[in-house]
Structures are given as C-alpha cells and as structure tokens.
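2 protein chains.
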Amino acid sequence: MENLIRIPKPVYILSSASVVGQHEKNGPLGEYFDIVGDKDDTFGCDTWEKSESEMQRLALSRALNYACIKDTDLEAILAGDLLNQCAGSSYGLVSFETPFLGLFGACSTAAEALLLSSLLCSSHMKRCAAVSSSHNASAERQFRYPLEYGGQRAPTAQWTVTGSAAFITTSCKDDFSKTAHKVEPVPIITEALIGKSIDAGITDANNMGAAMAPAAADTLLRYFRESGLQPSDFDIIMTGDLGFEGSSILCDLTSTEGLDISAVHCDGGMIIYNRETQDKHAGGSGCGCSAVVLAAQALRGIRTGQIANMLFIGTGALMNPTAIQQGASIPGIAHLIRITADIV
Amino acid sequence: MENLIRIPKPVYILSSASVVGQHEKNGPLGEYFDIVGDKDDTFGCDTWEKSESEMQRLALSRALNYACIKDTDLEAILAGDLLNQCAGSSYGLVSFETPFLGLFGACSTAAEALLLSSLLCSSHMKRCAAVSSSHNASAERQFRYPLEYGGQRAPTAQWTVTGSAAFITTSCKDDFSKTAHKVEPVPIITEALIGKSIDAGITDANNMGAAMAPAAADTLLRYFRESGLQPSDFDIIMTGDLGFEGSSILCDLTSTEGLDISAVHCDGGMIIYNRETQDKHAGGSGCGCSAVVLAAQALRGIRTGQIANMLFIGTGALMNPTAIQQGASIPGIAHLIRITADIV
Numbered sequence: 001m002e003n004l005i006r007i008p009k010p011v012y013i014l015s016s017a018s019v020v021g022q023h024e025k026n027g028p029l030g031e032y033f034d035i036v037g038d039k040d041d042t043f044g045c046d047t048w049e050k051s052e053s054e055m056q057r058l059a060l061s062r063a064l065n066y067a068c069i070k071d072t073d074l075e076a077i078l079a080g081d082l083l084n085q086c087a088g089s090s091y092g093l094v095s096f097e098t099p100f101l102g103l104f105g106a107c108s109t110a111a112e113a114l115l116l117s118s119l120l121c122s123s124h125m126k127r128c129a130a131v132s133s134s135h136n137a138s139a140e141r142q143f144r145y146p147l148e149y150g151g152q153r154a155p156t157a158q159w160t161v162t163g164s165a166a167f168i169t170t171s172c173k174d175d176f177s178k179t180a181h182k183v184e185p186v187p188i189i190t191e192a193l194i195g196k197s198i199d200a201g202i203t204d205a206n207n208m209g210a211a212m213a214p215a216a217a218d219t220l221l222r223y224f225r226e227s228g229l230q231p232s233d234f235d236i237i238m239t240g241d242l243g244f245e246g247s248s249i250l251c252d253l254t255s256t257e258g259l260d261i262s263a264v265h266c267d268g269g270m271i272i273y274n275r276e277t278q279d280k281h282a283g284g285s286g287c288g289c290s291a292v293v294l295a296a297q298a299l300r301g302i303r304t305g306q307i308a309n310m311l312f313i314g315t316g317a318l319m320n321p322t323a324i325q326q327g328a329s330i331p332g333i334a335h336l337i338r339i340t341a342d343i344v
Numbered sequence: 001m002e003n004l005i006r007i008p009k010p011v012y013i014l015s016s017a018s019v020v021g022q023h024e025k026n027g028p029l030g031e032y033f034d035i036v037g038d039k040d041d042t043f044g045c046d047t048w049e050k051s052e053s054e055m056q057r058l059a060l061s062r063a064l065n066y067a068c069i070k071d072t073d074l075e076a077i078l079a080g081d082l083l084n085q086c087a088g089s090s091y092g093l094v095s096f097e098t099p100f101l102g103l104f105g106a107c108s109t110a111a112e113a114l115l116l117s118s119l120l121c122s123s124h125m126k127r128c129a130a131v132s133s134s135h136n137a138s139a140e141r142q143f144r145y146p147l148e149y150g151g152q153r154a155p156t157a158q159w160t161v162t163g164s165a166a167f168i169t170t171s172c173k174d175d176f177s178k179t180a181h182k183v184e185p186v187p188i189i190t191e192a193l194i195g196k197s198i199d200a201g202i203t204d205a206n207n208m209g210a211a212m213a214p215a216a217a218d219t220l221l222r223y224f225r226e227s228g229l230q231p232s233d234f235d236i237i238m239t240g241d242l243g244f245e246g247s248s249i250l251c252d253l254t255s256t257e258g259l260d261i262s263a264v265h266c267d268g269g270m271i272i273y274n275r276e277t278q279d280k281h282a283g284g285s286g287c288g289c290s291a292v293v294l295a296a297q298a299l300r301g302i303r304t305g306q307i308a309n310m311l312f313i314g315t316g317a318l319m320n321p322t323a324i325q326q327g328a329s330i331p332g333i334a335h336l337i338r339i340t341a342d343i344v
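Residue numbers (my numbering), protein chains in the order written: chain A, 1 to 344; chain B, 1 to 344.
Bound conformation, chain A alone:
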C-alpha cells in the first residue's frame, strides 16, 4: 500500500518561534533564534522540568504573537517532549485555552506534530499549533545522570539541545494579511509520509544516531520510490537529529540502495553547534533540536528565498532507560514532510 500523502489543500506554516539556551545561542545559528534564556538556562524557574515547560509556553506565545492571532483562534495544539509522560508539554501549555493533543515521537516529535497539524488543517480544521521541546538539564538527569555527577560522554553520544519551537499551521491564506509575511515567500506543507518503527538491533544508548538512521533510510527510500522524485529535486533534505554518527550511517544506507542524498543532505544535530569549539561530540539531539533548527534555519531560508523545496525528516529513538536496562534494542522512527515556498 502506498503511504505517501499528497496534501490536497494548501497548508501554510503561518509563523514559527524558537526558544533556546546559552549553548545554542553560542552556536552557528545563535543569532537566528527568537528567544534566548537567562545565563543559566533556568528561564526563571526553580526546577529544570519547569524551565522546559516555560520554554514551550514562551515558544507558543511568541508564535501566536508573530501570527497575530490568539490561542482561542487555534483548533488544536499538538505537542510532545522527552520528559516522562510528556510533562514538559502538559505543564507548559496548560494555560492556553485550546484543545490539546499530546504526542510522543521522541526526537521526531516536531515532525510528527507538523505532519498531523498539516493533515488536520487540510481537512477538519483551520489552524493548529505544533510544539516540542527538550532541555539538556532535565533530559540528562532523567535519561542518564544529574549534571552535578559529571558523567563522561561517549564519542558517539549526542548533546540534548535546550530548545523549544512552536509552529502555527493554517489553511487560511487570509491569515497572512495580518502578519509581516505579505510579500515574502511562505512555507507550505505539500506532502507527508509517516514513519515506520524500525528496530535494527542497536542496544547502545550512547549511539542514538545509529539506532535512528535505519528508520530515516526507510522513510527516505519509501518517499523517493512513491514520489518518483530525485534528491536533486530538492534544495535541502534536512534530517533531525542523527548527528554526525547517524548522518554518516544514513548516507551509507541509502547509497547502498542506490539513493545518493549526500549533495543535499544536512542534519539539525550537525549544524546547531560548532564542532571545533563546542565539544558536543556527535552533535545535537532532543525534541527541541530539529524543531529550533527548522524554525531558525530552514524556514528562514524559505522566507528569504534561499530554499524553494525541501524535505524535513524528524527522527526519534523510541526507547526508555528501563528498556535499555532490560537489554532491549532501540527502535527508531522518522516522519517526513515536504515543505515548499509559495508566494502569498
């Protein structure tokens, strides 16, 4: 059965907003993020979990602000994060007067939320929000050790990004009339492909890139088989977040199947930090990583005319520490959306 969904009715990304911490501000994309936290990444809160929730609140508030709409103008918020029971989203977004759908896609959550938002906006709804987050300090103590422990990191380990992004999707072209995007190209989601959960037998929780790359390869191979397009039809194919290790594996896996994406591939985890100066090993990861890179790098590229046609593939590792302790391997997943530039 063919799984590629060609979205029949235009769904626009009306606005996006990104919130990051200090390490991300000091990376190559630093100047493009919308909100940067205080110097210790607490966002004014007394626990790291509350800091993460506050980042989601800030991201959605700013995205609504950019879109010149209120929370009650949204028909649904789709959101998720890495905290147990997705508490970052539940607590971060409870103050918004909007129907709420919780998602769990691990680091693929931004893509999953945008994918579902675009399907809902092209059918039953007008406007949705897609929100996700991760915070380095809340993730480290939940998945590994509290920061104070000073645990050693493996060379293949990725650094959980302190970041949150929110995206407003709409099927109403008129919504742009209130915003600043009157003349710029705007992003439009035209296709979607839901990922399959793929378990390639990786049991090393310090090498998530290797666990997720087979899922990304499966999604990309299905996409190009079903769409009939070529990698050269795209300005960029952005995965997020395989990091250096997983990206290298992905390009190997696809080229073995005759699909060479290397000329247009980039990965959120590879470009958010400076590899020479920031000591982040295999790159960035976390629900916030691909989300803030999409907002600050790719969508900016569409709005400034540098990108006209792209694929965004959010990758996630569907594990938890208990499963790893019990010797389970790590299933990966990768959800794809195609984003093109459109003049409103």
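Fair warning: there could be bad hints in the mix.
The list treats identical chains as interchangeable, and a pair is accepted whether it falls inside one copy or across any two copies.
[Claimed, not checked] The list that follows gives simulated cross-link-like pairs (lysine to any residue, SDA-like), each with its CA atoms no further than 25 Å apart: (1) K173 <-> N3; (2) K178 <-> A137; (3) K173 <-> Y66; (4) K126 <-> G30; (5) K9 <-> G44; (6) K70 <-> N3; (7) K9 <-> C172; (8) K126 <-> R141.
Please keep in mind that the hints were generated in silico from the structure rather than gathered at the bench.
We have chain A already, so just place chain B on it with the hints.
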C-alpha cells in the same frame, strides 16, 4: 471558536479486540474480553514492561484477525500507554509493518487515538488502528512502588487495569464484507471533540478522579452547548476512567451548570471490577481500562443492538511523579467521540 468536529464521511470501527489480566477476567465483564493472560499476568515475558508490550501486540493481532486484514492494509497505527516514553507501544508494535504515530494522553489515550484515527480515515486515509495499554505491575513500580513493597492504597486511589485494546477504523464499507458483522449493526464514529487541558489545582496523586473530572465536565459542557443535543438523546455517556470518586464529582460539576447526565452516565473504572468483592477502592484506571471496557461492553452493546447512540469520553491525568514531587498540581484532559449504530 466552535470545536465540535462533525465527521463528514462515515468512519466505521471495523473490529476491536481486548486483552486483560486475571483481576479483569474476574470482574463483571470477564466473559466478554477476547484474550486473558496466564495466571500471573506475565503474558509469557520476563519483565512487566515486556508483558505490557506483548499485550499490545496480542490486541492488535487479534483485531486485525477479526477484521480479516493484514498490518500492511493499515495506513497508520496510533498508539500510546503510560510507561515512560510510551515504551509499551513502541516495543509492542514494532513488529507490525505499518506507519506509526505515538500519542500521549495518559488514560485518555484510547479516546485520543480513536478520535485521530476517525479524523484521518475521513480525510487522508482508509484504515487506521488505535491501540493503548496499561499493566498494573509496570505502572505500580513506575508511578508508585514495586508490588513487592506492599504499599497501602488510599480510598480515593484507583487500580491500574492490566489491559490493552486495539480498534481498527475504516472508511471502506466494503471492508465488512469479509468479516462476521454482515448483518449486525456496526459502530460508526460521527463526531469528535478534542479536550482542553484543565488544571483545577488538585495535587493529590492518589485522587486522579478529582483531577480529571473538571476536564470531563468541560468537554461535556462544550459538547452539549455546541451540538444542541441533550443527555437523553444518548443511550449511554461513558467516561473512562474517573472511577467512583471522579464520577461523582463530574455529575456534581455538570449539574451545577444545568446539565444532568446522571441517568445515562457510566464510567469504565466503575464497571470493570466488582466493588463488593474485588477491593479496588475507587475503581479501575489506566490507558487500558477505558479501552477494554469500550471494546468489551460498549461496542458489544452496539453490535447486539442494545446501544444505538453513545458518547465515549476518555479522561487522562497529564502528570508525572517528578512534577508531583515538585508540588505541581495535576492537569486533566478529556477527549470525546460520538459513536452510533449503523446497519452495513
């Protein structure tokens, strides 16, 4: 903005299957569940987490079997559970060759998954599966204490159900031609209302019913305001799972607003165990509770002609133990679908 979604194209529940443990088998609905585990609820696995995953695998396999279709005939599986990072679903469903969307709605997950499945089947897809689960032993040790500890339970505490259910939704009426449901009435999802996250300030993690009841009241009040219908238009209004405590609060909250649902209200958590003999305090709960009660009680009622028109409201408490330890209150959520009987 009105939030009630009237589903424009018929979406049928093609099949459903329920899997439960011994306590559930010994309850009033015992004979109606499709699969009952071994005497110690391990489902042949060596950890409780693996047992829960196995229940999801069994539930979806059986539902596919009843529907006379294969996993590759589905365009998406929407699934979630209570384990950290929804690992019950990720590991339980990885063997199916189907695009996978992870959800987190706590105990509202069955309703959230059915709601989204019905929206997708009425627009971009033909067939989806909605799956959820909980296991008493994996939930107890994750949220509270390992069973071996023998912790005392508060009178307002609910008992996490060992159960999983899978539902196949379809927009293809012809799909019934292969199944046993040729002449019976079949369930059709006609309306959906996404819940808002409501924080009423409850901080007692032993009283989830009180935390979720305000969200259920909000959803029901919005539904009856927007639909123009009355509770008497329905054969049953089934919440799941508020238990005895939460159900009583719900009826109080809605009647204060002039909406008396008491004549037709029932709750999955109240009917899954025998209150006199099974010592389950405030009733059942967990992602599996409302799911297996919907499959074994309500949908059976539709197929046998006893129910023609019902509301199913899945309720969830969007918290985690860390948030409770940090003094946070517990937001609740309640997603609604309307299910009516249709002759194929």
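The hints, checked one at a time:
Taking the closest pair of Cα atoms, K173 and N3 come within 25 Å of each other only across two copies (21 Å); inside a single copy the shortest separation is 27 Å, beyond that limit. Taking the shortest alpha-carbon separations for K178 and A137, neither the intra-copy value of 38 Å nor the inter-copy value of 53 Å comes in at or below 25 Å. For a Cα distance limit of 25 Å, the shortest separation of K173 from Y66 inside one copy, 15 Å, qualifies, whereas the shortest one across copies, 44 Å, does not. In this assembly of identical chains, the alpha carbons of K126 and G30 never lie at most 25 Å apart, being 33 Å within a copy and 44 Å across copies at closest.
Within a single copy, K9 and G44 get their C-alpha atoms no closer than 42 Å, and across copies no closer than 48 Å, so neither meets the 25 Å cut-off. Taking the shortest Cα distances, K70 and N3 sit within 25 Å of each other only across copies (15 Å), while inside one copy they are farther apart (34 Å). Both within a single protomer and between protomers do K9 and C172 lie at most 25 Å apart by alpha-carbon distance, with minima of 10 Å and 22 Å respectively. When the C-alpha separation of K126 and R141 is checked against a cutoff of 25 Å, the pair qualifies neither within a copy, at 39 Å, nor between copies, at 42 Å.
In terms of the numbered hints stated before, the structure departs from hints 2, 4, 5 and 8, listed from lowest to highest.
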